[in-house]
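Those protein sequences? They're chains B and C, same order as listed. According to the numbering used here, the stretch in the first sequence is residues 109 to 400, in order. According to the numbering used here, the stretch in the second sequence is residues 109 to 400, in order.
In case anyone wonders, no lab produced these hints; they're calculated from the structure. Treat each hint with caution, since some may be false.
Same chains, same label: a pair holds when it works inside one copy or across any pair of copies.
To be verified - Calculated cross-link-like contacts (lysine to any residue; reagent style SDA-like; alpha-carbon spacing at most 25 Å):
hint : residue 1 : residue 2
1    : Lys273    : Arg296
2    : Lys273    : Gly139
3    : Lys273    : Pro396
4    : Lys127    : Pro361
5    : Lys127    : Ser323
6    : Lys185    : Gly168
7    : Lys273    : Ala160
8    : Lys273    : Ala203
9    : Lys297    : Pro164
Now for the letters of each chain:
There are 2 protein chains.
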Amino acid sequence: MPITTTSNTNAPTQLLRVKNETYAYRRFGSGLGRPLLCLQHFTGTLDNWDPAVTDPLASGREVILFDNAGVGRSTGKVPTTVAGMTTHALAFLDALGLTSCDILGFSLGGMVAQQIAQQRPAIVRRMILVGTAPRGGEDIMHLEKPSLARHLGDPTLKGYAVLQKIFFAPSPSSQSAGAAFVERLAQRKEDLDTASGPEVAAAQIAAFREWEQSSGARFADLKDIHQPTLVVNGLHDEMIPVSNSYRLIENLPNSVLLVYPDSGHGSLFQFHDSFTGQAAAFLASDSPFAPY
Amino acid sequence: MPITTTSNTNAPTQLLRVKNETYAYRRFGSGLGRPLLCLQHFTGTLDNWDPAVTDPLASGREVILFDNAGVGRSTGKVPTTVAGMTTHALAFLDALGLTSCDILGFSLGGMVAQQIAQQRPAIVRRMILVGTAPRGGEDIMHLEKPSLARHLGDPTLKGYAVLQKIFFAPSPSSQSAGAAFVERLAQRKEDLDTASGPEVAAAQIAAFREWEQSSGARFADLKDIHQPTLVVNGLHDEMIPVSNSYRLIENLPNSVLLVYPDSGHGSLFQFHDSFTGQAAAFLASDSPFAPY
């Protein structure tokens, strides 16, 4: 009898061989909804997906967490462009035999999601973009900024403790939500993914720098993305400021914006009950229009 | 047996004498929710509340529509400041004996709502601000702008047909939603309110000009509003641009932003199913935090 797992706390990591690469992923949950491909943030692995976000969504659909090339236990070199990461994501979807899915793209993953929607529109039904930026966006992942560097360079912060500082706002309520997030991530004890090293970070930072460049009319490429899109951001996001989400919805023709207060890059984790409720309602809609 | 009305299409207009004024209002619906005071837009009367917005909300609470002084069948002079309008709104609430309510403030009504929250915080539990601006906001109701003036000065547009043009985006989908909105308003056939004349418009425009002025640090007054607040805007609002909603949530300490695509000032009417669902979920929350 196959074991049906419904949580990222215990879903087994699977490996899929595609041409010259092997991709690591987890797939769990079930329901009437389209499979939801989840694309991860800077240096994040499968273990960085908060079960408080993935698991409620997995009650209505399959959730598919994916390690792009060179991340976690996926083989290969981390691409230095979002376009390169998109090639891997599409190869993975094709190898799974998925011809249509919904996408949750967080941060770097949101950039890959946009690029997928542009390159292969038929494969994307609805898209949720959290804490991300359009090509040509501003102040994308400048880790040298004092507000980030003071935490990233703090020798007393280890492992997930860094995430609590840089993914959450400085307020006591946000930091408390960050501590709960770290505890939830730590619930997974076995079959852990390989943590990202400095090579992963360097390649992904190069991809951010390339993504900040825009040729031609700024944001014009977003006009071609017609899928209903839900854009979500924390108001005090220091890693990818909320202004990038303003620019996204001002240029995506079919998108709704939801901004949370008192939160940073990890707003979806801080307000997981609200976020998963909103996301599930958005994904449940069959309307050609984004409002839900 | 008292007739319980649940729709703005047939709710009787009531009059409440308070000191030297008589205020016109409608009160309908029932449920466990706090009464919802609805504060109306520029030149709008009780008849301008879309039943597709008021009626679903009235299924969970009393909805109270209010004509400020000099508007509709309320007596008195239209104040030329938001503060003046706030004095009347508070006198009305006090005369009704309401010590706590929720508020839906649309456009001009959203400014009055902010001022109520500042002057009498105890009376406001939760607040929904749609298509409005903070004090010191930008490009507030400049009817001389070509995008608005061409409709306001069009002799072929009469009555509600003007609203279809200026409350909705130029796209076919938004204009179609505008036509449906106008039909819904026209369903009320009896006990109609008195339409606003040029004196009402002139005084309210003066109030907008005064509201654009800011003394002291811009938006600093918003920091004192701690009520959970839901801010909603149509992306293509020509009357009070969406940037004002960005400034609202950036400065209100406890607010969520929801922006709708393909819509103008009347986004709540265009996406009435989504809006009333979101509003009802927001109002149903007892959390001290705005996310719902």
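Violations among the numbered hints, reported as their numbers in ascending order: The structure conflicts with hints 2, 4, 5, 6, 8, although it agrees with all the remaining ones.
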